[in-house]
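Protein chains: 2
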Amino acid sequence: MSSIRHALNVTREGDFAQWYQAVIAEADMAEESGVRGCMVIKPWGYGIWERMQKLLDIEIKATGHENCYFPLFIPLSFFEKEAEHVEGFAKEMAVVTHHRLIPNGKGGLMPDPEAKLEEPLVVRPTSETVIGAAMSRWVQSWRDLPLLTNQWANVVRWEMRTRMFLRTSEFLWQEGHTAHADKTDAMEETMRMLEVYRAFAEGPLAMPVIAGEKPENERFPGADATYSIEAMMQDGKALQAGTSHYLGTSFAEAAGIRYQDREGQQATCHTTSWGVSTRMIGGVIMVHGDDDGLRVPPQIAPHQIVILPMLRENEGDDALLAYCEEVRRALAGQSALGEPIRVHLDKRAGKATGKRWAWVKKGVPLILEIGGRDAEASQVSVLRRDRLWRDDGKPDFRGEPRETFIAGAAAELEAIQAGLFTEAKSRRDRQIVRGVDSFEALSAMFSESEKTPGWAQVAWSAPSGAALDAVVAKLKSLKLTIRNTPLGAPAPSGMCMFTGQPATQTIYVARTY
Amino acid sequence: MSSIRHALNVTREGDFAQWYQAVIAEADMAEESGVRGCMVIKPWGYGIWERMQKLLDIEIKATGHENCYFPLFIPLSFFEKEAEHVEGFAKEMAVVTHHRLIPNGKGGLMPDPEAKLEEPLVVRPTSETVIGAAMSRWVQSWRDLPLLTNQWANVVRWEMRTRMFLRTSEFLWQEGHTAHADKTDAMEETMRMLEVYRAFAEGPLAMPVIAGEKPENERFPGADATYSIEAMMQDGKALQAGTSHYLGTSFAEAAGIRYQDREGQQATCHTTSWGVSTRMIGGVIMVHGDDDGLRVPPQIAPHQIVILPMLRENEGDDALLAYCEEVRRALAGQSALGEPIRVHLDKRAGKATGKRWAWVKKGVPLILEIGGRDAEASQVSVLRRDRLWRDDGKPDFRGEPRETFIAGAAAELEAIQAGLFTEAKSRRDRQIVRGVDSFEALSAMFSESEKTPGWAQVAWSAPSGAALDAVVAKLKSLKLTIRNTPLGAPAPSGMCMFTGQPATQTIYVARTY
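So the sequences go chain by chain: A and B. Residue numbering for the first sequence is 1305 to 1817, as defined by the working numbering. Residue numbering for the second sequence is 1305 to 1817, as defined by the working numbering.
Honestly, the hints are just simulated from the structure, not real lab data. Each statement offered as a hint is correct.
A pair holds if it fits inside one copy or across any two, identical chains being indistinguishable in the list.
Here are the simulated DSBU-like cross-link-like pairs (lysine-lysine), alpha carbons at most 35 Å apart as the crow flies:
no. : residue 1 : residue 2
1   : K1651     : K1487
2   : K1395     : K1410
3   : K1655     : K1365
4   : K1420     : K1783
5   : K1385     : K1395
6   : K1395     : K1420
7   : K1729     : K1778
8   : K1385     : K1420
9   : K1655     : K1487
10  : K1358     : K1659
11  : K1410     : K1420
12  : K1659     : K1365
13  : K1729     : K1659
14  : K1698     : K1655
15  : K1385     : K1410
16  : K1659     : K1487
Work out the full structure, taking the sequences as your base and the hints as a guide.
Structural data, given as structure tokens:
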């Protein structure tokens, strides 16, 4: 295997952080914008986001939610209403203070001191407060409940250290916001959307996740309970890939979301919110990428199959292109994974091998290279992105009659989708260390090497308040965090390694992005 | 006809501006947000926007463009580079000056003086400058051209007087940005996208438009030429519903978008930009709405058919709902206007007549009311939104065997789509006054009554500079503006009413939104 010359010049093993940046650059997904903390999402990265949006939006609508659009700007006074939320969020945010620019007398521009806003506006870091204000107008009676809304939007959280897709000052996301008559209904919604996220991650993204409840210290500011899906990256670290919050009545009280119940009494709503973002793209890179670049699960691949004609810039090219177009049309007429196959014929000038490696690095599931002789023999030459190399270090092309390939294309895409999930899940499960029953064992696990060995599954007594703070501090000394308490895990036996009390819950402990 | 009791309590004839607000409120499309100049787009309004996005995005991609995402924030220095653009835009904009909030000592929050940005950031009013900076990185050689990008995004232009959908501080739009090797190619692109907009307006929106070039004084700041589509509202005013700009080389020079041509020489790109926004929704309201509320063209209707079971809250309801569900499924299995029919079964509790009028006001093209006797007789009762009233002032329901309705549903939706266009076009054409050949005639036309009689078609000599300013000032005295010079209009004869020179072009003169 040592004879393989990989498409990237940095490996996951060599330097995972650099490898991550290399995948993004070589797959042409995004780049720094020149605007502090903001990235430009390029067509291939944005195309993956469009696929995610499309598939998740279907699920959001199927569960009864309607899309709306709320203002980008939130007046400070809205933000000040919910105390814990302010504490948690009112730190690093973009603040609009002026509404006009004037010449600065030096050939440039400056904010007009005459156009200072009476009340500064915050660029939304999340929209609970402004949506809460709308809900207080919309909800009058129990008949208006549940109120199920969602928006797709950009949000801004001023970040000091940014990393593309994972942590940028501006990012794209969806945020669901719902109001309910009581806790039971709101908790059902919270768990329903957590399950939508789990199924979305493990389905279209082929990314295994652990769904569970975050510990108290990791709750969304102002929430009564926060749930997450957590994915393991190939470097053993965790990525929180989506969250669903039961907000209790605190936001509803702050915004005045009240209703008349069936008995004619005024009552306060229970609300939820839940969101996933472009951060998921970072997760897909770090779960599925390899030393040749990105591998995109077929369900979210903008192109599932790319056809590369081996053009020779001679009179044979027309016939070759006509043949490739026939293959393209036959594939596009079929369905895989519940949708028409997305196939792209790359007619650009340039060497076929150069184009091949560009598509490999972008992670297209299937690449067809077709030359004049293939066309004459009604053949195609197939390269599977998930099985790129032969043992002799050459790309593992397989020649196949065109009709055979076309007939099997849907099944092959489905197999790749399933295979990526299985591969990621086996790796994840291998890297979860169970039965770590003392802090010494935990320390040993995470100090043996510079690499992160994976996650530790630990039993604890679920302390709160100061006792929890002590646990968090202790874990911090090992650069560890509590990820979540997985749903449905059996109650553990034994003692809590932190408190010495009887253990009541299982948690995952890990380093994190 | 006087016996008709319309669903709105204000008519177009009575007070058009109030009627417009009433349609938006009664159709539950949008509302004031409590944040200055920003609206909340509610599910029905946002659903129409999603339909517009979906259909236009297909055309944008079919013409070779790829979607990207660029930063919300633009550093002042980017903005200062293109002088004319600064002049035109650097007036009313939201300016971010701080990146942190701290307690203000009075229980509230304030921008942290320690967290003042060295360089203020403008919330994008449009993205030529920040996309130009990216293009300067992406374009190296003639092989990289044309570079065809688009983004769907929110933008902010601080507005003093706002009107929902038509003029809000924040709005949603798409903005296409392209770079080309030469003027010919850039002009072809400019005109191609103008035509895409024309076809989109006249197709899915059923909104007749005049495509043409804006006069020099109405050009986009920094552009060499600006083209628009102009629609006539039912009050006779014009709405600019989309623009396409040939930017020449000025933005490319400011941003350094240069390439090596086939001969190895460095050359400057020619760029274009083009956009349409949520403003189009305002156009749809004012072109198609009537005294009973909105009428949505079937192609952009979130629901094309709504089924209303006449529930009685008794044991017959189950059978009725089962029948309605059968009708729904049969309709959803068919296609109209190139897509599966979008049909909604409204099972909510509440009186059928109340629900009927809510859907009428939302403008659903076809409403089916189905009662127990209809179900027994395999019938449906159909109300067409575009032919709502009988001469006796009653809603014009028609009873029909269910199979007859289902078999004809696609054709009926297509007829409604076509009918709305024809109706709007006849009205528009009636309200264009041709042969207005003196300023006195123009004055007479627009001062005869308080109502705007429509547009005047006028021949002029296309003056520029100070001579054009004089024309603009003269028109302003009548509250008139020049809309555009229609494409392909034959050269006029006679003299220019403004300059006394021989006329060279036809223009439309109108009051405007």
